[in-house]
Each structure stands twice: as structure tokens, then as C-alpha cells.
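**Student:** Okay, here's what each chain looks like letter by letter:
There are 4 protein chains.
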Amino acid sequence: MIIIPKRDYDASQLENLIGWLKGRGLEVHISKGENMTVIGLIGDTSKVDIDLIRSLDVVEDVKRIQEPFKNANRKFHPQDTVVHIGGVKIGGGNFQFIAGPCSVESESQIIGIAKAVKAAGAKLLRGGAFKPRTSPYAFQGLRGEGIRLLLEAKRETGLPIVTEIMDISQLPLFEEVDVLQVGARNMQNFELLKELGKTKKPILLKRGMSSTLQELVMSAEYIMAGGNENVILCERGIRTFETSTRNTLDLCAIPVLKSMTHLPVVIDPSHATGYAKYVKPMSLAAAAAGADGLIVEVHNDPQHALCDGQQSITPEAFASLAENVEKILPFAAK
Amino acid sequence: MIIIPKRDYDASQLENLIGWLKGRGLEVHISKGENMTVIGLIGDTSKVDIDLIRSLDVVEDVKRIQEPFKNANRKFHPQDTVVHIGGVKIGGGNFQFIAGPCSVESESQIIGIAKAVKAAGAKLLRGGAFKPRTSPYAFQGLRGEGIRLLLEAKRETGLPIVTEIMDISQLPLFEEVDVLQVGARNMQNFELLKELGKTKKPILLKRGMSSTLQELVMSAEYIMAGGNENVILCERGIRTFETSTRNTLDLCAIPVLKSMTHLPVVIDPSHATGYAKYVKPMSLAAAAAGADGLIVEVHNDPQHALCDGQQSITPEAFASLAENVEKILPFAAK
Amino acid sequence: MIIIPKRDYDASQLENLIGWLKGRGLEVHISKGENMTVIGLIGDTSKVDIDLIRSLDVVEDVKRIQEPFKNANRKFHPQDTVVHIGGVKIGGGNFQFIAGPCSVESESQIIGIAKAVKAAGAKLLRGGAFKPRTSPYAFQGLRGEGIRLLLEAKRETGLPIVTEIMDISQLPLFEEVDVLQVGARNMQNFELLKELGKTKKPILLKRGMSSTLQELVMSAEYIMAGGNENVILCERGIRTFETSTRNTLDLCAIPVLKSMTHLPVVIDPSHATGYAKYVKPMSLAAAAAGADGLIVEVHNDPQHALCDGQQSITPEAFASLAENVEKILPFAAK
Amino acid sequence: MIIIPKRDYDASQLENLIGWLKGRGLEVHISKGENMTVIGLIGDTSKVDIDLIRSLDVVEDVKRIQEPFKNANRKFHPQDTVVHIGGVKIGGGNFQFIAGPCSVESESQIIGIAKAVKAAGAKLLRGGAFKPRTSPYAFQGLRGEGIRLLLEAKRETGLPIVTEIMDISQLPLFEEVDVLQVGARNMQNFELLKELGKTKKPILLKRGMSSTLQELVMSAEYIMAGGNENVILCERGIRTFETSTRNTLDLCAIPVLKSMTHLPVVIDPSHATGYAKYVKPMSLAAAAAGADGLIVEVHNDPQHALCDGQQSITPEAFASLAENVEKILPFAAK
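Residue numbers (the working numbering), protein chains in the order written: chain A, -6 to 327; chain B, -6 to 327; chain C, -6 to 327; chain D, -6 to 327.
Simulated from the structure, these hints should not be mistaken for laboratory data.
Note that the structure is a prediction, hence the values are computed from the model and not measured.
Any given hint could be a false lead.
Which copy? The list can't say, so a pair holds if one copy fits it or any two copies do.
[To be verified] EDC-like, lysine to aspartate or glutamate: derived pairs with alpha carbons at most 16 Å apart:
1) Lys40 with Glu168
2) Lys193 with Asp171
3) Lys82 with Glu208
4) Lys(-1) with Glu60
5) Lys327 with Glu316
6) Lys108 with Glu168
7) Lys270 with Asp50
8) Lys193 with Glu60
9) Lys68 with Glu53
10) Lys68 with Asp1
11) Lys327 with Glu60
12) Lys111 with Asp54
13) Lys82 with Asp50
14) Lys111 with Glu60
15) Lys40 with Glu149
16) Lys187 with Glu316
17) Lys40 with Asp50
18) Lys270 with Glu53
19) Lys187 with Glu319
20) Lys108 with Asp44
21) Lys327 with Asp73
22) Lys194 with Glu169
23) Lys320 with Asp73
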């Protein structure tokens, strides 16, 4: 961290600041030029509050050189993390398809789709039980019953399940769930993140729709700081001014996140684009860019899905998508 | 709601759709032209899922004419809502200052600031006990102890208190709190909103940093649908590409929200701008634009505030701000 | 186009509106329900000013069903447009690499790079002569001399050249230039677009950094309305809140533009990401998503490039990129 | 400017860099710590290309301490600039109303509106002759004839006129125009800016719809670097995700620009909001925040305006707005 004091700083205030910084275990290097003084800090500055420093009267500007995250940082953990889910590996060269309906609707629906996506190559089943909906009048999911049906589908097919948790109080219901998904709207629900850090469950952490990639990594850091290293990052589109797609899929998030962190990165082309017809091209692009997996909405009857039918593809379309992705993977960016 | 079927729609599919709509209690008007068919729906369409309709094969496009919210809608409730907090009224011509530190730090700090802001004209005391912070290593607030200190300050000064709740599990600690604040990051924490809808407590609902005004109103609708009508809306800046301020304060939110809803609208110039020097001009602007109140960060020692010192103003600056705002209020937009 | 009059509309005002619409050659269908009236317009509504209609007292809302563009519209021109540049084809299954330096700096530089990118598979040479720079103090390009050097490189290698025009007054200098590039900042320089519509030169039209895809197509429509059908669309990243890349590359623009229009779509991964290390993964992704070409910044000495060295790749890196892209193309989205 | 070399930098590369910097007249301070080296540059760094420095192999990071603009910088010109237009002053405590129609439509229209806005307190007449429109099929303005009519209105009323120039080639037509407006879409039309820098005409420079405030100031710097100091900055709304207004009016631009520069700042509430009903509240807010003027669309018959009728207000509404603004001005932010 570099601190630049104001030109006409008060010497005793600067002394106070330096003393405070040393007290936090940092090595402090001061360089006084004729016209400019620069203070360099060496040590673990991830725990220094940059906004607090910037607010001081004596400070003109501050700049972080090191990233403010540690557990998730590739610099301190150069090799890729591989997350193990039952027998399924994701990350470190292991690409996986996660597929299933937006919402669990009935036993026959979820089991039917689970069998279909398994046949097409999916290794994990997704399905919403608790559904975050903008309107209080929209379908809110089958909730506990939805989880029961997902576990039924898991017993039938052997596919581990991925489903969203919306509140700490729901945690007991997720005991047999394999991967807990944190939705975009909860990416900065810090109380929930802390609680998930205490479990050892794999967490699929979705990027908030207006969160920077660094903020996404900081939220992963919340979970990891609690002791849970099993975090999978997920880009699902960000909010921009463009209206021809539901969100704007930021595929450059893949190489950026991979240079910042060692965690697996998966892409959700369904929520990102909002239209079934764009799911395949964006899936192929994600694979080519080096993603570790895809999470795709598949519905046996998209026309009558209780939510997000517009962006769901059929099992047949998913099988074709998976086949094409497999052909691209050998040539994908590393 | 207007539905436009595809040009070459399948007649039986359209029949199915019309039957389904009628089954939901809607009046259906069909207009067939030579080249175009238009279906108009009359009735309470706030409970129809527009995305579901749009996803149907037979549908080319859908357009909402009515807003998807009801309890918060000014059309059905033309007069302004006045929220009562202890003896303090906000809305319907009652303008109030809510002031206090970003974080509660100690008994002497919070009581000192409470007295100072009261003297300067504030009618409500704000202060953070549970603090949402991007980094797990930043100060997370005094939590339960912070609430205890706020209540102490309330006893000393008589000022009702406003403080943020971050999770349902914290609710028992908020029993004596006067106004529960929902932060920007939790604006779409729907489980929390539903729970708050069951209380009768006034709720200060902050706009998410990338939420549209309609989404803000839909989140208010979550609370109101549960039976709690005491919602105060708060604009606190949105995320844009501009970097010279922390966020971009959207002051047009004031007249827009007032035309959409009957709820009071307050402005937070401190978080919106991120810099103490911009708090006063934006406060004056907010007052002129017709806001019902301001929520301002005031700290007796901004240089040493444990969080957000950069954007806090001193009690003296707040007193001057309040004085200026009072002069503008008589000429403010209605 | 659908017009919804206000509930309590003035009958004579509505008559006036209907008369005016009929006068513009549109067929008008009126459907009066008990509670709602809907007016449907059939015909060429691309020339109706939707904002004007919306501003009328009698109108509650208006909705376009048809797109406001015609020449660029795939509905009226289902097959892909192939743009011919010298002997080089782009679009309709013809994928091309356009490569070269950000700025032309010297004869030896541009000829050296031209030879290198040709050897690596590029079929078109890019290079900036007129450079739009945020600062008046930054290098503004060699201007006329830069074009002379590009033409020199063309003579040496046979590669057609692509370079940016910034103002109508520069047009005479572009007589021998093969493809005229319109930069992001000029996408809505309508006077320039009209002038380019009068030439028959292929135009590479870059998306403005905060332009919607429909606005990009409307700008293409300006050129096409003048009689020039040789327009190539280029996505080069949009401005968002994300700061880890220079812009956010919107790869879903590829399938969206291809469904809206019949024009070729190329991707500029260099300006989009701003970092050399992200150019390859985004190039592979663009190819997989179905792009018709890539425009890539290549510099023999990125460390000493006079502009944008940070995002330029070496000829060797470009050769490796091109080789990988070729492997992905057979499996790309159609 | 602060340069931080990579930890394991190559010493001879660093020597080269330092030599190059000294060659540009900069004083170079090097501070070597055990673990970190910091290079501080003193002097006029506004002409150093920060991206070029950042792209060097030897450089880890660079940070500007000084702003990259000089002529527009308040640090070097502490007192407010007052722009003189005929006998009208703007800036430095002189607040002015600029009013008139979006487009000039006819002699009687422009003269009628000119008289009405003059009576209501406007000191400058605005009106569009050359109109930038998204669609090639929308009304493009009366062009040269429009300017002739504006000059007619000036003769009738004595009001100096403000109108938009879209291309260098139009300059001869603007000889008698008092203030040349550069529209949002041309804010980074650098060739036009350079040309305007050669005139002495007052320029009203509108912020691009996705331009940062620093970029706006850099565009002013283009004009000022050419020798023309008469620049008025104008905030007219930026593009965000919010859809309830046409753009998002960034009123904090007023104090931010005033701390960065010494130039007058005016606000355009009509384009910013897009709706007549929001023009008054935003005008009051702009005045309270310390703006130096307002540019407002006024039309005698908004229902039949050829463009942007939706956002125009009547002369009566303008008179009421102006009266209210005058009452707020004495209490506005300084």
C-alpha cells in the first residue's frame, strides 16, 4: 500500500499515522523528496481499511498494491482448486455440466428432467426450491417440499444436487444438499456468507448483478475466512444499459477470475441472456474462454415452466449443446 | 396488459392461453385485424407473471399497462402516507432530519453525537450496529452491544433510533428499535422483507445499488403485502461508470417515486456521494426536489471514525446544513 | 405499433390522431373494450416517431412491434450479407482476421507488422492514422502520413487496409483505403454516417461504448439508407461499472446482431479487454459464439508502442491465437 | 505521478525508463525499500501517457496524483470563469436561464417562443437547427434555414442564441451564432473540438451520455488548449440501467465539476429526465446544488412539437419554474 500525504501535511499528524500503522505490524518506508513524500507499507495490508486511511486529513491519496484478499488469492495458492462433490470434480481441468429446471415443480418433472440431463452428460442436477422473485405475487418455489423432491431425484439418478439457499434459517433443510447456491441478490448477504463459511459444503457463489469481480472474490473470501475452501464462482450476467438480453454476460470474467484466484469458475448462460436461443452460442463461448463448467436451465416443457420458461432449453437442445461443447473443450483457453 | 400473439399463431394454443387467463379472473378482449391480433386483459394483472406469458410459443410480445404493484400504488391511494415514529411524523409535508454516525463506536461517542444532532434539528438518530462490509477483515460493527448503546442514547435524548438489520435471526434484538433499516445489499433479500412485513415497525428501505425504482417499489410491496404499511423509501446512489463520487445520486427518484407511490422518500447524501464536501449541496438539492427527509452521517471526529469517515460531516457542518435546508423547504417542489 | 389511449381520452383528439396516422399511409385498427381501447397500426411504422406519439395528451402508452430499421433487418433480407474487400470476403461463413498496430508509427514498423500478420493468417491490415485520444496532449496519430504508410504496406503485402476516419473533411485522404472504420466515439456522428452512405466503400462500424445494439443497427441503417450496403458491425466492449477490464466485452452481441440483421459481425478483443493476456481467451470465445472475424492489435514491440501497448500482442502470440481460432471455427455456433 | 516497478524488475529496463522520464523534463525521485521501490515524478505530468507507462514490462502499477488537465484546472485558476455572451454573463455568481424549443420549426414558432421565454426571464434563446437523431427516418432539423430563423428571433428579441453544431463543415453557417453547442454524442468528436478551439466563440459542451466527469473536462481541455477559454459545461443526464427516466441526471456533477474546474456549469433537466413533469423539480434541485444556469426546452405547443414534445414545457410552466428557481438561488450551495 502506498500513502501519499498532502503537500503541506502536519508533521505530528503524520507521526501519529505512522505509529498506528506500525502498531498493526506493518513495515513502513518513508521517502521524502523535495516536493513529495511517499509512504510505502509492506506486510499484510489486506486487513487495513483503505477508506479509513483516505479519510484522514493528512492524506492526499492511497493506493493498494496488494489485493485485499488472501485465501482466494492465486498468488498465495498458484495451483487450481478442485472442488469435490460426491465423486464429481470441478476445476483444475475438470469441466462439468450442471443442468435442470429453474424451479422444481413436481416429482415427475424433476425426475424426468434429471434422467434426461444425466443421459446428455450432466454430472450435477440443479433446481430451485426457494425462489427469489421480484414480485411478492410471483411463484416463490415449493421450498422445503422442493428440496425433498430434489433429493428424490438424486436417489433415482445418483446426480448430486445444487440448489439455492436464501436465508440462514433455511440451513437445516439443506443438510443432504450437495452444493449450496448463493444467488446474485445474496452475494453480499454477509451474515449468510459467514454462516456458510462454518460448513464444509461446496458453495456455488453467483456474482451480484452489479458487483465487480473483486467484490465477488471478497465475498468468496468471507466464506473461505470461515474455513470453507470449497467455493465455486459463477458469472451470470451483469446489469447494463443494454436491453436486448436480460443481462450482459461478462465472459472476460473467466480469465480475469482465473488470474485473481485459484477457484473454479462456471458460467450461467440461461440467466445471463434470458433467451433460450442465446444459450448455446454463449455456452460454446464460455467453454472456449476456459470456463470450468456450465449451469444451464433445462425444462422438459419450457412453454409451461412455472418460472423463467423463456430462457430454458429442452433436454434435446441440451444434449446437442453438450455435444458441441465437448468438441470445443480440447481447444479452449488454458 | 396487452398480449400480441405471433402472426401465424396456432389457434388452439391461443384458446388455451385465453382460457387460462379467464381462469385467473381476468376479462379478456380480443381484437382481430386483418394482419394483427391484439389481446387486452382487464382486471388485477399485478399477479400475472409477465415473463411466463412472454415465454409461450404463441406469444410475440406482452406489455404491461398497469403497474405490477398495488399496496404501494398511488393510483389506489392518492394521498401521501405519513409514517409515525414515536411522536415524529415523516411524509405528507413533514420533512425530517435523520442523523448520526456510520457506526456506533462507544457510549460517549453515540450519546455525544445524539445530543449534537438533536440540538441541530435532527428528530431521529441513526447509527450502525450491524455493518455490511465488503471485506471480512473490515470492522463489522458492535452488533448487539451497538443496539444497546443506541437505546442508551435514545433514553438520554428522547430521539427515536434508526438502525440496520442484516438478517432475520437478528430480529429479537430489534424489539425496542424504532425504525428498522434494510440496507441496499438486502433490498432484494425477500425472506427478510417478508418477515418485516409481519411486524408493524416502520421500515426504512434503501434502494439497491443497481435496482430500478420499480424494483424498489416491488420490495416495498413485499413488506406491505405482509400487512406492514409503514415503509419509508430511501435513495442512496446507484452504481454507474462515474468514479468521481462513490455512487451516482439519482435525485429524480424523488418525483418519480412520488408519482408511483404514496410512500415518504428520504435521501442519503453521505453514502451517495462518499465525500463530506458534497453532502451539503446534495442535501439542498434533495430538499428542493421535494424529498421528505435526509439521512446524514455525522461524526464528532470524522478523522477517526471506524468506518466511512471520509463521508461524515461534523456536528457543526450538520447544523449549518440543516439551517440552509430549512430555508429552501418553503420553495421546494411539491 | 400499438397505441393505448388514456382511459378518459378526448374523442376528438383521438380522431385527429387517427386521421394523422392514416395520412401517413398506415392501416389503423381500433379495438374498443369496455374498459380499454387499443389502436393497432399496420404498415411501415419504421418512419413513425414513437416519442412524438408518446408525447400526445391523448396517449397513455405506445409500443413498437416492428423494429425501426429496414435495410439492415434480417426479416426483409434473410440471407447473410457477404462484404467483399478486394478479393477478401467477410460474412456468410467467411471468417477473417484483421490485424495490425493501434497506431502507424513508421514505415519499417507497419511493413514489418503487415508481413508478420499476413504470415500468421491475417487477410486485412489494420492501423490507426487518425487517433481519437481522450487527452489533447496524447499522441494524435501520423494522420495523412499514416495513411500513406499504410498504403505502402498494402503495396508490399497485398493486404487490403482498414483505418479510422474521424471527420468528413478527411474523406479525400481515404480514397485508396479499402475499409473505412468508424470508431466507437463516432458511432452517432450522423453527419459522417450520411456522408459514408454516399460512398460504396466497406464500412467497419464500431459500437459506441454505451450504445445499445439497436442503436448500433440504427447507425448502420443511416449508412445503408444512403445506398451503401457494405457495413460490417463491430463489438468492442461497452462501458460498465467493472474496472478489471477496460470495457466489458458483450459477446452475446454476436447472436443478437445476427438475429436482428444480415450484416457481418466482428469482435475487437483488444480494445474490449485492454490487456494483452485476455485477448486470446476472448478471441476463442468470439469465434465459438459465431463471429465473422476478429480485429486484433498486433505490435512487434508492444513495450514501446506509441499507444495502447498494454493491449497489443506480439506477432508470435497472434500466430498462436489464429491457429487456435481455426481449430474452434468448425464447431462454432451457426 | 507514482510508478511502482515490479518486485523483480530488470535494472537496466528501469534505468531506461528513468532516463526517458528525465528526458521529458520531469524530476524523478526513487525510493528503494527492502521489499518495494517507488518512483515519484515531479513536474508537468499532464503530458505523460499513463497507459504507455503502465504497459511497460518493468512496471507493476502507476498512479496519477495530479490531474491530466491544466487549462481547465481550478488549482491553476482558482477564481470562477465568467463567460460573456453579448451583454449576458454566466458563471461566477451569474445564474442564467437558456430556453427555447428542441427544434426550430417555423418563423412564427421560434419568434413566439423567444418572446415568451424572454418575458419569463430567459436571457438566452436555444433552438435546434441541426438535430442528431437515432433514426435516419426521424426529423433532422431545418439545418441552415433553422439558423436563419434563430437569427431572425434574435433580431426581434435581442436574445443571444445557442444552437448545436454537428460537424466542422457547418462552421461557416454559425458565424453569427452566439454560443455553439456541442451535443452529448459529439463530446469526443476531437476534430470538431480542436476546430472550436481556434474560434473565440463561447462553447456549450454537453457531457456524453456515458462519459465520466474527467472525460468531460478533458474535452473542454481540447478546446482550451486551442486558445478558446469560453467553455460552459453542461450535465444532461447519463445512461444507466434505470428506465423510468430517459437518462439519470447526475446533479453531483455540479459540485464535482466546480471543484475540478473554474468553468461555469449548467444543467439540462429536459433531456436528462425526458418528461415535462420532472423538469421543474430537477430545475429547483440544480439551482440549490449551485448550478450556474439551466437550459430548458420550452414549446408553445408541446403536443405538436416535431421532436421531444414529451419533455418540453409550456411558456407558462417555464415562467412558474423560473420564479421558483429565483427564490431558491439565495440559499443555493456556493
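**Student:** Now tell me if each hint is right for this structure.
**Tutor:** Results for each hint:
no.: 1; hint: Lys40 with Glu168; verdict: neither (33 Å within a copy, 33 Å between copies)
no.: 2; hint: Lys193 with Asp171; verdict: within (10 Å within a copy, 38 Å between copies)
no.: 3; hint: Lys82 with Glu208; verdict: neither (26 Å within a copy, 38 Å between copies)
no.: 4; hint: Lys(-1) with Glu60; verdict: between (24 Å within a copy, 15 Å between copies)
no.: 5; hint: Lys327 with Glu316; verdict: between (20 Å within a copy, 15 Å between copies)
no.: 6; hint: Lys108 with Glu168; verdict: neither (23 Å within a copy, 49 Å between copies)
no.: 7; hint: Lys270 with Asp50; verdict: between (55 Å within a copy, 13 Å between copies)
no.: 8; hint: Lys193 with Glu60; verdict: neither (25 Å within a copy, 44 Å between copies)
no.: 9; hint: Lys68 with Glu53; verdict: between (29 Å within a copy, 14 Å between copies)
no.: 10; hint: Lys68 with Asp1; verdict: between (37 Å within a copy, 15 Å between copies)
no.: 11; hint: Lys327 with Glu60; verdict: neither (23 Å within a copy, 39 Å between copies)
no.: 12; hint: Lys111 with Asp54; verdict: neither (55 Å within a copy, 34 Å between copies)
no.: 13; hint: Lys82 with Asp50; verdict: neither (51 Å within a copy, 37 Å between copies)
no.: 14; hint: Lys111 with Glu60; verdict: neither (40 Å within a copy, 40 Å between copies)
no.: 15; hint: Lys40 with Glu149; verdict: neither (47 Å within a copy, 35 Å between copies)
no.: 16; hint: Lys187 with Glu316; verdict: neither (39 Å within a copy, 43 Å between copies)
no.: 17; hint: Lys40 with Asp50; verdict: neither (21 Å within a copy, 29 Å between copies)
no.: 18; hint: Lys270 with Glu53; verdict: between (51 Å within a copy, 15 Å between copies)
no.: 19; hint: Lys187 with Glu319; verdict: neither (36 Å within a copy, 44 Å between copies)
no.: 20; hint: Lys108 with Asp44; verdict: neither (51 Å within a copy, 27 Å between copies)
no.: 21; hint: Lys327 with Asp73; verdict: within (11 Å within a copy, 33 Å between copies)
no.: 22; hint: Lys194 with Glu169; verdict: within (10 Å within a copy, 37 Å between copies)
no.: 23; hint: Lys320 with Asp73; verdict: neither (23 Å within a copy, 26 Å between copies)
Against the hints set out earlier in the document, violations occur for numbers 1, 3, 6, 8, 11, 12, 13, 14, 15, 16, 17, 19, 20, 23.
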